[in-house]
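S.K.: So the chains spell out like this:
Protein chains: 2
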Amino acid sequence: MSSPARRRLRDEVVTLAHGAGGKATRALVEGLFLDELASPELAELGDAALLELGGERLAFTTDSYVVTPLFFPGGSIGELAVNGTVNDLAVAGAVPRYLTAGFVVEEGFPVAELRAVAAAMARAARAAGVAVVAGDTKVVERGKADGLYVNTSGIGALAPGVQLGPARVAPGDRVLVSGSLGEHGMAVMIARGGLALEVELESDTAPVHELAASLLRLGPALRFMRDPTRGGAATALNELASQAGLAVRLAEEALPVGPAVAGACEILGIDPLYVACEGRLLAVVAAEAAPEALAALRSHALGAGAAEIGVIDADPPGLVLLDTALGGSRIVDVLVGDPLPRIC
Amino acid sequence: MSSPARRRLRDEVVTLAHGAGGKATRALVEGLFLDELASPELAELGDAALLELGGERLAFTTDSYVVTPLFFPGGSIGELAVNGTVNDLAVAGAVPRYLTAGFVVEEGFPVAELRAVAAAMARAARAAGVAVVAGDTKVVERGKADGLYVNTSGIGALAPGVQLGPARVAPGDRVLVSGSLGEHGMAVMIARGGLALEVELESDTAPVHELAASLLRLGPALRFMRDPTRGGAATALNELASQAGLAVRLAEEALPVGPAVAGACEILGIDPLYVACEGRLLAVVAAEAAPEALAALRSHALGAGAAEIGVIDADPPGLVLLDTALGGSRIVDVLVGDPLPRIC
Numbered sequence: 001m002s003s004p005a006r007r008r009l010r011d012e013v014v015t016l017a018h019g020a021g022g023k024a025t026r027a028l029v030e031g032l033f034l035d036e037l038a039s040p041e042l043a044e045l046g047d048a049a050l051l052e053l054g055g056e057r058l059a060f061t062t063d064s065y066v067v068t069p070l071f072f073p074g075g076s077i078g079e080l081a082v083n084g085t086v087n088d089l090a091v092a093g094a095v096p097r098y099l100t101a102g103f104v105v106e107e108g109f110p111v112a113e114l115r116a117v118a119a120a121m122a123r124a125a126r127a128a129g130v131a132v133v134a135g136d137t138k139v140v141e142r143g144k145a146d147g148l149y150v151n152t153s154g155i156g157a158l159a160p161g162v163q164l165g166p167a168r169v170a171p172g173d174r175v176l177v178s179g180s181l182g183e184h185g186m187a188v189m190i191a192r193g194g195l196a197l198e199v200e201l202e203s204d205t206a207p208v209h210e211l212a213a214s215l216l217r218l219g220p221a222l223r224f225m226r227d228p229t230r231g232g233a234a235t236a237l238n239e240l241a242s243q244a245g246l247a248v249r250l251a252e253e254a255l256p257v258g259p260a261v262a263g264a265c266e267i268l269g270i271d272p273l274y275v276a277c278e279g280r281l282l283a284v285v286a287a288e289a290a291p292e293a294l295a296a297l298r299s300h301a302l303g304a305g306a307a308e309i310g311v312i313d314a315d316p317p318g319l320v321l322l323d324t325a326l327g328g329s330r331i332v333d334v335l336v337g338d339p340l341p342r343i344c
Numbered sequence: 001m002s003s004p005a006r007r008r009l010r011d012e013v014v015t016l017a018h019g020a021g022g023k024a025t026r027a028l029v030e031g032l033f034l035d036e037l038a039s040p041e042l043a044e045l046g047d048a049a050l051l052e053l054g055g056e057r058l059a060f061t062t063d064s065y066v067v068t069p070l071f072f073p074g075g076s077i078g079e080l081a082v083n084g085t086v087n088d089l090a091v092a093g094a095v096p097r098y099l100t101a102g103f104v105v106e107e108g109f110p111v112a113e114l115r116a117v118a119a120a121m122a123r124a125a126r127a128a129g130v131a132v133v134a135g136d137t138k139v140v141e142r143g144k145a146d147g148l149y150v151n152t153s154g155i156g157a158l159a160p161g162v163q164l165g166p167a168r169v170a171p172g173d174r175v176l177v178s179g180s181l182g183e184h185g186m187a188v189m190i191a192r193g194g195l196a197l198e199v200e201l202e203s204d205t206a207p208v209h210e211l212a213a214s215l216l217r218l219g220p221a222l223r224f225m226r227d228p229t230r231g232g233a234a235t236a237l238n239e240l241a242s243q244a245g246l247a248v249r250l251a252e253e254a255l256p257v258g259p260a261v262a263g264a265c266e267i268l269g270i271d272p273l274y275v276a277c278e279g280r281l282l283a284v285v286a287a288e289a290a291p292e293a294l295a296a297l298r299s300h301a302l303g304a305g306a307a308e309i310g311v312i313d314a315d316p317p318g319l320v321l322l323d324t325a326l327g328g329s330r331i332v333d334v335l336v337g338d339p340l341p342r343i344c
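First to last, the protein sequences are chains A and B.
Residue 47 in our numbering sits at position 47 of the first sequence; the count goes up by one each step and never skips.
Residue 183 in our numbering sits at position 183 of the second sequence; the count goes up by one each step and never skips.
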């Protein structure tokens with residue numbers, strides 16, 4: 001794997017852009033956290049760290065959830081907190097097993113809502129085959145939080161022989177996605193109200209562990225998996241291109257974008273490639289395995305809308321390109337600002 | 001182990017008391033989280049969950065840190081976040097190995113302070129022999145947090161044969177503490193200012209993993225360990241008494257309380273038994289092993305002030321009693337309100 005130069009952090013204060021998953025987030029992570037908290041596992045910047053403990057290989061990951069509103073069509077911060085961490089383990093090639101849950105609650109938060117969140121977490125955990133095994137609750141004064149923030153951390157078991165990552169991606173490999181893009185982000189944006197959009201849209205929040213397991217059966221033909229959350233598919237694929245030192249070439253007409261998301265994105269002036277999914281899987285597979293991989297994804301209810309959306313190229317290294325329906329091509333750049341703050 | 005009836009949650013909104021570690025916290029945990037997120041590991045309510053993964057035994061824990069101020073004499077939220085999670089693993093009998101770090105940052109937070117926190121975490125991690133292997137950063141708008149909240153989760157390896165817990169505690173066992181009580185809580189309270197106390201006091205934040213390891217060498221004579229954080233030694237020992245169905249009888253004159261903490265507590269009207277430590281270890285050991293255990297603790301710089309502070313009795317089950325210097329005896333009850341909010 002090539003090692004692109006680390007970004008430096010030039011800002012003096014933290015801004016919303018640092019939480020958006022794009023350029024500013026990378027500067028914060030590389031220019032501050034990697035600088036200070038150097039560890040080989042952290043430097044991999046994967047969805048989950050891959051570790052050894054007593055001879056066993058395991059994956060370990062963490063995510064904090066600050067989504068607003070807490071409840072939205074298709075789910076809540078509860079489903080999100082479980083599925084997001086389950087998915088980070090799954091795309092690392094692990095079988096998700098155990099989660100912890102940390103709650104920061106604002107004084108005055110309704111107990112009934114907290115119970116609804118916990119119940120949603122329990123349902124999502126059952127669906128994903130994981131157990132919530134430890135927890136922590138802190139309460140802060142009124143005005144010191146926004147109702148509720150949830151952290152989940154998770155561990156999973158890596159099967160012997162699983163080797164995934166940007167370093168395994170090669171020119172000619174195919175890029176697949178398990179379903180349509182942007183439902184989660186747009187559902188949350190619309191749930192905030194004030195957009196005057198009459199669109200029925202549900203978050204796609206779901207566990208992708210079964211989709212991931214079906215692709216792992218391809219063996220070494222499966223190169224890389226990721227879930228396109230904050231910053232969307234564009235951000236996940238830019239990270240891949242940068243870490244692999246290769247190009248990702250997407251075909252615009254192959255991108256699965258539903259009409260409701262397409263319409264809402266057009267009105268808001270947002271490219272659906274940058275809109276978060278919370279139940280989709282991106283995978284890079286060897287060209288000859290692409291039909292089998294697509295069939296595997298499509299045989300699962302959550303992968304019914306799977307599509308091949310692009311190919312890996314040698315040049316230009318580090319970039320994501322979009323071949324448009326009109327025969328042109330444009331760079332799909334790394335996100336700079338944050339068009340969709342607090343989406344997860 | 002007896003299974004005392006679960007507390008019910010009757011409140012309609014979350015209050016600061018639910019975050020204090022006392023009665024209200026227990027009601028929230030037992031009446032809401034255990035209710036909804038039932039798992040055998042969670043029901044143990046230990047400092048860390050004990051799990052199996054691929055034939056290996058491991059401990060897994062999580063804690064969120066909302067301390068205010070973020071920097072205080074003797075440390076910062078950074079040391080606290082690492083040591084707190086390291087200690088939860090250590091008192092579970094595990095060797096702490098890997099941590100994750102999740103940051104919720106308020107827009108406008110100074111990057112220099114975030115760097116100082118990360119640097120403190122790195123120093124603390126090195127001192128405790130753990131690696132920070134995965135992280136996550138979310139940014140929320142101004143007024144939606146209080147500068148910075150940090151979650152750390154951790155995993156550690158359990159040596160074969162380690163069996164600790166309230167069920168192993170028996171009448172006649174001795175209660176030890178590795179050092180003086182209450183420095184952390186009082187240092188933070190004083191750092192908030194406005195108390196007009198001229199006291200020099202530093203937090204005791206430190207990793208207790210080496211102290212714990214030295215006690216593990218006692219084998220089955222070591223029954224139980226815990227770090228007396230939120231709610232102090234009184235809260236930790238009340239949980240032990242309740243879970244073991246036994247009494248804990250403390251000797252007031254044996255309690256190690258420094259003059260600065262004693263003075264500050266007297267002025268504030270707070271019993272030092274309820275004040276958080278962040279670098280102390282409570283241990284219950286067989287009576288015949290108590291001298292060796294004390295010697296082991298005292299041979300370490302962090303255990304120089306170790307003391308035997310009490311004994312386990314059969315009666316009255318579930319209660320902590322304090323034999324006073326004057327020959328009387330009183331119940332050390334579970335905390336109801338929260339005299340020291342956001343201490344960790």
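Calculated from the structure, these hints are not laboratory results.
Incorrect hints may appear among the rest.
[Unchecked claim] Distance condition first, Cα-Cα at most 35 Å in a straight line; then the derived DSBU-like pairs of lysine-lysine:
(1) A:K144 x A:K23
(2) A:K23 x B:K144
(3) B:K144 x A:K144
(4) B:K144 x B:K23
(5) A:K144 x B:K23
[As the list claims (entries may be wrong)] Over 10 Å on every C-beta distance to chain B, these chain A residues come out as not near it, computed from the model:
(6) A49
(7) V199
(8) E253
(9) A254
What you are looking at is a predicted structure, and each value in this text was computed from that prediction instead of being measured.
Every residue gets a Cβ at the ideal spot worked out from N, C-alpha and C, and that includes glycine.
S.K.: Hints first: check each against the structure and report whether it holds.
M.R.: Here is how each hint holds up against the structure:
no. : hint            : result
1   : A:K144 x A:K23  : holds, 28 Å
2   : A:K23 x B:K144  : holds, 23 Å
3   : B:K144 x A:K144 : holds, 6 Å
4   : B:K144 x B:K23  : holds, 28 Å
5   : A:K144 x B:K23  : holds, 23 Å
6   : A49             : violated, 4 Å
7   : V199            : holds, 25 Å
8   : E253            : holds, 34 Å
9   : A254            : holds, 31 Å
Hint compliance for this structure: hint 6 is the single one not met.
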